[in-house]
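*Asks:* The opening position of the sequence shown corresponds to residue 88 in our numbering, with each subsequent residue numbered one higher.
Honestly, the hints are just simulated from the structure, not real lab data.
Remember, predicted model here, so these are calculated numbers, not experimental data.
Even glycine gets a Cβ: it sits at the ideal position worked out from N, Cα and C.
Please note that the accuracy of each hint is not assured.
[Said to hold, decoys possible] Listed next, the in silico DSSO-like pairs over lysine-lysine satisfying Cα-Cα at most 27 Å (straight line):
hint: 1; residue 1: 241; residue 2: 180
hint: 2; residue 1: 303; residue 2: 241
hint: 3; residue 1: 274; residue 2: 151
hint: 4; residue 1: 274; residue 2: 284
hint: 5; residue 1: 303; residue 2: 113
hint: 6; residue 1: 179; residue 2: 165
hint: 7; residue 1: 179; residue 2: 290
hint: 8; residue 1: 303; residue 2: 216
[What the hints assert, rightly or not] Distance ranges between label pairs, derived from CB positions:
hint: 9; residue 1: 255; residue 2: 285; range: 25 to 33 Å
hint: 10; residue 1: 113; residue 2: 232; range: 25 to 33 Å
hint: 11; residue 1: 312; residue 2: 115; range: 32 to 40 Å
hint: 12; residue 1: 132; residue 2: 244; range: 48 to 56 Å
hint: 13; residue 1: 207; residue 2: 115; range: 39 to 47 Å
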Amino acid sequence: LAETNDNLVVVYVGGSGIDMSAWDDKVPAILFSWYSGMEGGNALASILYGDVNPSGKLPFSIAKKASDYPYFTPYTDKITYGYYHGYTLFDKKGIEPAYPFGFGLSYTHYDYSDLTVAATDFNEEDTLKVQVTVTNSGKVAGDEIVQLYIGFAKSLVDRPVKLLRDFDRISLQPGESKVVELEVAAKDMAWYNPAAKAWQVEKMDYEVYVGSSSAKADLLTGNFTIH
88 LAETNDNLVV
98 VYVGGSGIDM
108 SAWDDKVPAI
118 LFSWYSGMEG
128 GNALASILYG
138 DVNPSGKLPF
148 SIAKKASDYP
158 YFTPYTDKIT
168 YGYYHGYTLF
178 DKKGIEPAYP
188 FGFGLSYTHY
198 DYSDLTVAAT
208 DFNEEDTLKV
218 QVTVTNSGKV
228 AGDEIVQLYI
238 GFAKSLVDRP
248 VKLLRDFDRI
258 SLQPGESKVV
268 ELEVAAKDMA
278 WYNPAAKAWQ
288 VEKMDYEVYV
298 GSSSAKADLL
308 TGNFTIH
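When you get a sec, could you build the whole thing from the sequences and use the hints?
*Replies:* Written out as C-alpha cells, the structure reads:
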C-alpha cells in the first residue's frame, strides 16, 4: 500500500510495543490507537480528519530490533531478568531505540528553550524547581507533554542513567509560548540502600533534563547539587 499511496496512515491497535522495523521507514504516518473501546472509531476519525490534534506519548520504548530487548519467549517456563528494563536498560547499555520512552508526534511542532534551574545548591529536605519555555512553532493548536528527568551520572552506586520525575501537559495556540514550571523533591531522588534498609539521598552533583521525550536529542540539560 505504501508504494501506491503517499498519504498512507498505518493505525496500530494493540497494547504493547510492536516490531515495525520492516516497514516503518516506508510509510509517512503511524498512529498508535491502543485498545480504545467502543468509541475508539469516533476518536480515530477525529484525529485522522484533523478535528483533534493527537498528543499522546509512549509509555515504553520501542526497540529497533527484537534482539535489543531482554530475551523472551512465551514458551519459557522460568527466566530471570535484571534490575534494569525499558528506557533505563536502553540508557544503561547505550542502545538507541527506534522510538524512545515519552515519544509522540502531532500535527504541529514544539520548541524548547531557556531551561532555568531556580537553585543549584540545596539539601535533602529541599525541592528542585525548574522552568522551561515551550513554543508551538507550527500552524495548529495542540497539547504537549513536558517531561523532566533526573540524571545520576556521579552516583557511587549502580543507578539508572536518568529517571522521569515530573511532567506537565500544556495547551498552546500556533505561535504561542508558555513558561512551564516543574519540580522534584530531593527525597524523590533517593535510592534504596539494602545494607542500611533505608531510602537515602546521595549528596552529589545531579543532572536535570527537560524535553519532549527521553531521547538525548530531545532534552535540554542543567545541573544541581545536593549537599
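*Asks:* Please list, smallest to largest, the hint numbers that this structure does not respect.
*Replies:* Hint check: 3, 11 fail, others pass.
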